[in-house]
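K.L.:
Okay, here's what each chain looks like letter by letter:
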Amino acid sequence: MEATLLQFIRHLRHAGVGISTAETLDAMQVAVSLGYGDRQLLHDGLASCLAKSEEQRQLFSRCFAQFFDLAETPNDTTHTVDPEAPQDRSADGETAGEGEGQGQGGGGGMGSDALRAELMRAAGEVDLAAMQYPTQRGIYRRRILDALNDSGRRERIAQLAGGSPTEQQQSRWLERERETQLAQLGELLDRQLLLNNNAATREFQETLMRDSQLSALDTYYRDRLPPLIRKLAKKLAAKHRQRYRRAKRGRLDLGKTLRRNIALGGVPFHRYWKSTRREKSEIFVLCDLSGSVSSWSQVLMLFMQALADVLPNTRSFVFCGESVEVSELFRQHDADEALAIIQQRHGMGNSDYGRALNSFRQLVEERVNRRSTIIILGDGRGNGGDTGIAALRELYHRARLVLWFNPESQSRWNTGDSEIRRYQTACHYVAECGSLRKLERLLDELLTLIR
Amino acid sequence: MNTARQAIDELISQLAEQGYIASEQIATTLHLARALQRPILIEGPPGVGKTELANASAAMLELPLFRLQCYEGLDESKALYDWKYSKQLLYVQVLKEQLQGILGGANDLSAAVERLHNFDDIFYSERFLEPRPLLSALQSDDGAVLLIDEIDKADYEFESLLLEILADFAVTLPEIGTLRAKHKPLVLLTSNNTRDLSDALKRRCLHLYIPFPEAELESRIVQSRVPDVADSLRQQLVTFVHGVRQLDLKKQPAISETIDWARSLLLLHADNLSAALVDDSLNVLLKYEEDINIVRPEITRLLSQRY
Chain W
0 MEATLLQFIR HLRHAGVGIS TAETLDAMQV AVSLGYGDRQ LLHDGLASCL
50 AKSEEQRQLF SRCFAQFFDL AETPNDTTHT VDPEAPQDRS ADGETAGEGE
100 GQGQGGGGGM GSDALRAELM RAAGEVDLAA MQYPTQRGIY RRRILDALND
150 SGRRERIAQL AGGSPTEQQQ SRWLERERET QLAQLGELLD RQLLLNNNAA
200 TREFQETLMR DSQLSALDTY YRDRLPPLIR KLAKKLAAKH RQRYRRAKRG
250 RLDLGKTLRR NIALGGVPFH RYWKSTRREK SEIFVLCDLS GSVSSWSQVL
300 MLFMQALADV LPNTRSFVFC GESVEVSELF RQHDADEALA IIQQRHGMGN
350 SDYGRALNSF RQLVEERVNR RSTIIILGDG RGNGGDTGIA ALRELYHRAR
400 LVLWFNPESQ SRWNTGDSEI RRYQTACHYV AECGSLRKLE RLLDELLTLI
450 R
Chain F
0 MNTARQAIDE LISQLAEQGY IASEQIATTL HLARALQRPI LIEGPPGVGK
50 TELANASAAM LELPLFRLQC YEGLDESKAL YDWKYSKQLL YVQVLKEQLQ
100 GILGGANDLS AAVERLHNFD DIFYSERFLE PRPLLSALQS DDGAVLLIDE
150 IDKADYEFES LLLEILADFA VTLPEIGTLR AKHKPLVLLT SNNTRDLSDA
200 LKRRCLHLYI PFPEAELESR IVQSRVPDVA DSLRQQLVTF VHGVRQLDLK
250 KQPAISETID WARSLLLLHA DNLSAALVDD SLNVLLKYEE DINIVRPEIT
300 RLLSQRY
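Top to bottom, those sequences are chains W and F.
So the first sequence is numbered by numbering that gives the first Met the number 0: it starts at 0 and just counts up by one.
So the second sequence is numbered by numbering that gives the first Met the number 0: it starts at 0 and just counts up by one.
Pulled out of the complex, with its shape left as it was, chain W reads as follows (with noise of 0.2 Å):
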């Protein structure tokens, strides 16, 4: 049974519940001490060891019922089918009416379990287990039916349906067999496909998705997105909250120490440490709504929302003409449900850097200071527009830092209308973000520059 535990927490993992190998050793333990034989309590037993949060633990319920429902046919192995009762066969909802002229059958009596074991044998043998994408179908499928000697019996089929009345309906009765079994088989691969949740499937689609540029995603893909940001937003906040809070602590403050204990003798009684004193800074993020980079601003939107942990004064702004502030809309909706309202609202259109600039000074100027992080999101292609750059350096004197990102990759900067040198002027620091990995990266270092 440990191998099936073991099969278990594998195909938990495929699931996305993190489970350690400590964690492995405390479920055997668990298994030992509680029994296979009671269903609920080992479900009990094994959620509080395995599944350590609400959702890994509705997760976990689910694989449970899905696993062991399968699982529990392997262990009719053991179970022989007596070819000569007719009862056993009739009783199986499956197989019910099959029943007539099987007494006859010379070699293959067997019932729809016994056809199962050995099917489950013939799939142990391929090692079934290992398939991953449902492209291996095919090929799992021919050698579980090569295992089975599919091809002898389909030629003794074909062979007794020539002979004699008793043999065709032999050969009749081993054809339903086949189809029996062929079915069987094909619920088998179904099942052991979403055992493995097509686990490596969405791993690599993860990766391609981090990778790609963007603007190349298709929509099936983009779909996708929303989960993935999270993914990668909740590690990062992890990452960061732990940072601060090792940072808050301060250290012995000694000369305030030793003249408060003056009156102690020197004695260290009360002890002062030193604080370091949190400066809240505001982020603003400015994005680029126009038809080239939209999706991307959504993507930072979305990014700094689920970041809104670790960065809770974040305010933003989206633009085509005038820039608007859009945080309200955050507070109020979903994150995909604004991003549907701001691109429906605010959308679509030319990008008019000089308005936008302008107003968004006039926005955020009073703010501004020199513990604000301005980020702005877009091309620089200003269709040769007013570029807004004096609107721009005046936030750059005052700001802390102000980050243009810019989603084109760097061999186009600079070409046709883009402006972005000129904007490189005015900002502390220009970087490319054509991808979803680089932009985590940026994101990063921002964090551990501004916490």
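Rather than coming from a laboratory, the hints here were simulated on the basis of the structure.
Where a beta carbon is used, it is the ideal one built from N, C-alpha and C, also for glycine.
There could be a bad hint or two in this list.
To be verified - With a Cα cut of at most 27 Å, we get these calculated DSS-like pairs of lysine-lysine:
| no. | chain 1 | residue 1 | chain 2 | residue 2 |
| --- | --- | --- | --- | --- |
| 1 | W | 273 | F | 77 |
| 2 | W | 234 | F | 152 |
| 3 | F | 152 | W | 230 |
| 4 | W | 238 | F | 152 |
| 5 | F | 286 | F | 152 |
| 6 | W | 233 | F | 249 |
To be verified - Just the calculated beta-carbon pair ranges, DEER-fashion:
| no. | chain 1 | residue 1 | chain 2 | residue 2 | range |
| --- | --- | --- | --- | --- | --- |
| 7 | W | 182 | F | 249 | 46 to 56 Å |
| 8 | W | 339 | F | 268 | 52 to 62 Å |
| 9 | F | 166 | W | 326 | 41 to 51 Å |
| 10 | F | 86 | W | 272 | 23 to 33 Å |
| 11 | W | 60 | F | 124 | 48 to 58 Å |
| 12 | F | 166 | W | 182 | 43 to 53 Å |
| 13 | F | 292 | W | 190 | 50 to 60 Å |
| 14 | F | 194 | W | 211 | 26 to 36 Å |
| 15 | W | 267 | F | 287 | 42 to 52 Å |
Stated by the list, open to error - If you want a taste of the chain W side facing chain F, the calculated C-beta under 10 Å gives, among others:
| no. | residue |
| --- | --- |
| 16 | 29 |
| 17 | 48 |
| 18 | 53 |
| 19 | 268 |
| 20 | 308 |
Chain W is already provided as a structure; the job is to place chain F on it using the hints.
P.N.:
Frame of chain W, contents of chain F only:
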């Protein structure tokens, strides 16, 4: 195979004797925690009886309960151990004479220091150790129940400090060495989930999530806590509370509020829930003005629901 089932059923009935009605999930986890000697991390909304479980288990096992309430800024000198500074000082003062005597024969400084070295670290021995809850629980002679309450309120570093205790039931004091538990305590940690706990901590614990109970279970809990409430009233009140939990509220009423409400209805000599009665006593169940305003118009509808 059935022994585990029996043990768990027994646990449920033993807890019930202490007035704690445990679900099967709770009893299974508690059974495992004792069998595998693992701490339990209990999560769930406030007021579902997380702390109460520790009290009941301590009473059931007839062991002392050590409770450590976590808060921001909690550190090892308050949680684990501290030195008895004043006692050390006092001893130094009192023993001044002795020290003079011991050092009397020394000619120079290095000889005096050498002599002092021969006396070990008397001032940093276990006699001057002030045990705090964590150390007390480890040192208790025949086991203990250790409750670390609201671990999510403590700082990140404190979690790391706990790791050694949770994994090995041992504490390393720099001045003395490693102190091992004489008898491994049953450790329960509770969390209200105001922040994510570290994976390292979660990995070392069994995880138990206590949700709001189902109507039937809650009814039994109320029965056990407030036995004087009539059956019909109890059903009505539990159904009402369950209805209230379906609404979008700032703070959902928990079991403790249900019990409080049952008690106050008892004081009001009510044997039936009426709209007017509910209206008057709603502030026992709900703790926010906004919530009361949400529930008030729904009272008649909620009362008409069937159990």
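K.L.:
Between residue 166 of chain F and residue 182 of chain W, does the C-beta distance stay in 43 to 53 Å?
P.N.:
This hint holds: roughly 51 Å between Cβ atoms.
K.L.:
If you draw a straight line from the CA of residue 152 of chain F to the CA of residue 230 of chain W, is it 27 Å or shorter?
P.N.:
Status holds; Cα separation ~24 Å.
K.L.:
Is 46 to 56 Å respected by the C-beta to C-beta distance linking residue 182 of chain W and residue 249 of chain F?
P.N.:
Once the Cβ atoms are compared, 54 Å apart, the range 46 to 56 Å for residue 249 of chain F and residue 182 of chain W holds.
K.L.:
Mind checking the CB of residue 268 of chain W against every CB in chain F and telling me if the closest is under 10 Å?
P.N.:
The hint holds - residue 268 of chain W has a Cβ within 10 Å of chain F, the shortest such distance being about 7 Å.
K.L.:
Within 27 Å, alpha carbon to alpha carbon, are residue 234 of chain W and residue 152 of chain F?
P.N.:
holds, 21 Å
K.L.:
Tell me if the beta carbons of residue 267 of chain W and residue 287 of chain F are separated by a distance inside 42 to 52 Å.
P.N.:
holds, 46 Å
K.L.:
Given residue 308 of chain W was flagged as interface, is its beta-carbon under 10 Å from a beta-carbon of chain F?
P.N.:
Nearest chain F Cβ about 9 Å off; hint holds.
K.L.:
Classify the hint on residue 48 of chain W as holds or violated, based on whether any CB of chain F lies nearer than 10 Å to its CB.
P.N.:
This interface hint holds because 5 Å falls under the 10 Å limit.
K.L.:
Do residue 339 of chain W and residue 268 of chain F keep their Cβ atoms within the hinted range of 52 to 62 Å?
P.N.:
holds, 56 Å
K.L.:
Do residue 194 of chain F and residue 211 of chain W keep their Cβ atoms within the hinted range of 26 to 36 Å?
P.N.:
Holds, at about 34 Å.
K.L.:
Is 48 to 58 Å right for how far apart the beta carbons of residue 60 of chain W and residue 124 of chain F are?
P.N.:
holds, 53 Å
K.L.:
Is the hinted pair residue 286 of chain F and residue 152 of chain F satisfied, with a Cα-Cα distance of at most 27 Å?
P.N.:
Roughly 22 Å separates the two Cα atoms, so the pair holds.
Checked against the numbered hints above, the structure breaks none of them.
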